[in-house]
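Number of protein chains: 2
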Amino acid sequence: MLYKKILLAIDLTDESIKVANKAAELSKAMGAELVIIHVIEALNYAYGGDVPIDITDIQNQLKETARERMTVLESQIDVPVKETCVTQGGIESEIHRIADEKDVDVIVVGSHGRHGLALLLGSTANGVLHGAPCDVLAVRVHRSE
Amino acid sequence: MLYKKILLAIDLTDESIKVANKAAELSKAMGAELVIIHVIEALNYAYGGDVPIDITDIQNQLKETARERMTVLESQIDVPVKETCVTQGGIESEIHRIADEKDVDVIVVGSHGRHGLALLLGSTANGVLHGAPCDVLAVRVHRSE
Chain H
1 MLYKKILLAI DLTDESIKVA NKAAELSKAM GAELVIIHVI EALNYAYGGD VPIDITDIQN
61 QLKETARERM TVLESQIDVP VKETCVTQGG IESEIHRIAD EKDVDVIVVG SHGRHGLALL
121 LGSTANGVLH GAPCDVLAVR VHRSE
Chain G
1 MLYKKILLAI DLTDESIKVA NKAAELSKAM GAELVIIHVI EALNYAYGGD VPIDITDIQN
61 QLKETARERM TVLESQIDVP VKETCVTQGG IESEIHRIAD EKDVDVIVVG SHGRHGLALL
121 LGSTANGVLH GAPCDVLAVR VHRSE
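Protein sequence lines correspond, in order, to chains H and G. For the first sequence, the UniProt record's numbering gives the first residue as 1, with consecutive numbering after it. For the second sequence, the UniProt record's numbering gives the first residue as 1, with consecutive numbering after it.
Derived from the structure by calculation, the hints contain no laboratory data. Fair warning: there could be bad hints in the mix.
Identical chains share a label here; the pair holds if one copy fits it or two copies do between them.
[Unchecked claim] Taking lysine to any residue pairs in the SDA-like style, the calculated list, with each CA pair at most 25 Å apart, reads:
no.: 1; residue 1: Lys18; residue 2: Val79
no.: 2; residue 1: Lys28; residue 2: Ile77
no.: 3; residue 1: Lys102; residue 2: His142
no.: 4; residue 1: Lys5; residue 2: Cys134
no.: 5; residue 1: Lys102; residue 2: Ile55
no.: 6; residue 1: Lys4; residue 2: His142
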């Protein structure tokens with residue numbers, strides 16, 4: 001079969017369910033295992049340098065919220081999820097690391113499919129594509145603006 | 001089903017069969033129609049300006065070669081191909097135009113998955129991703145170097 005193991009990378013925004021449903025359908029059609037990852041961008045990454053306050057509490061809070069949202073999302077899709085990971089670091093590098101570690105066949109990620117705003121928002125699909133150890137399925141999401 | 005119509009975009013190099021086989025497997029798993037496109041980059045695109053010679057013969061030769069290679073490729077994959085297109089223009093814009101015109105659900109394209117050389121070679125997967133009217137599956141190909 002085409003794919004045995006699928007890594008769904010989500011940002012846990014409202015759009016995630018659309019991307020998750022596509023990954024779930026793909027998983028069903030292929031009989032493939034589904035692993036879901038959410039990367040919490042380390043705050044010093046997001047702000048481009050050292051943060052002069054103790055951010056441990058904030059980071060922990062972010063992790064807790066992420067895990068709660070992950071649970072909700074998992075309950076909304078109709079295929080069994082093999083594993084969920086909430087990890088911290090650079091978004092693309094963490095996705096690639098987990099893809100490699102778990103030897104997945106394809107990464108599924110949302111894409112805004114546009115030049116302008118996508119670049120401002122940080123074009124994750126594009127970043128995931130470069131350097132990916134496997135295939136990448138970019139699922140087109142239309143942002144409501 | 002996840003996808004009803006798949007557009008496979010290929011450059012007709014030796015790597016194309018790998019990408020084509022993935023598209024064929026996806027088509028089989030989904031019961032989806034498969035359309036194949038090859039874009040001949042207009043020579044004035046490729047050389048970034050007007051070409052001061054009559055290039056009609058060269059372009060016709062390129063088209064003929066492309067159609068021959070398309071026929072060979074079609075015979076190598078084991079699913080029926082609904083339609084093949086050989087078109088001319090900018091690679092990404094032509095792929096997007098045909099995807100839109102034929103209302104496809106996903107574009108399948110090869111990707112070298114690397115930063116450095118991929119940029120030099122013209123990162124088509126990346127270009128196809130931006131502005132695509134649908135999902136994009138980038139199939140990782142390892143170039144033999």
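Check each numbered hint from earlier against the structure, then list the numbers of those it violates in ascending order. Of the numbered hints given earlier, the structure breaks just one, which is hint 5.
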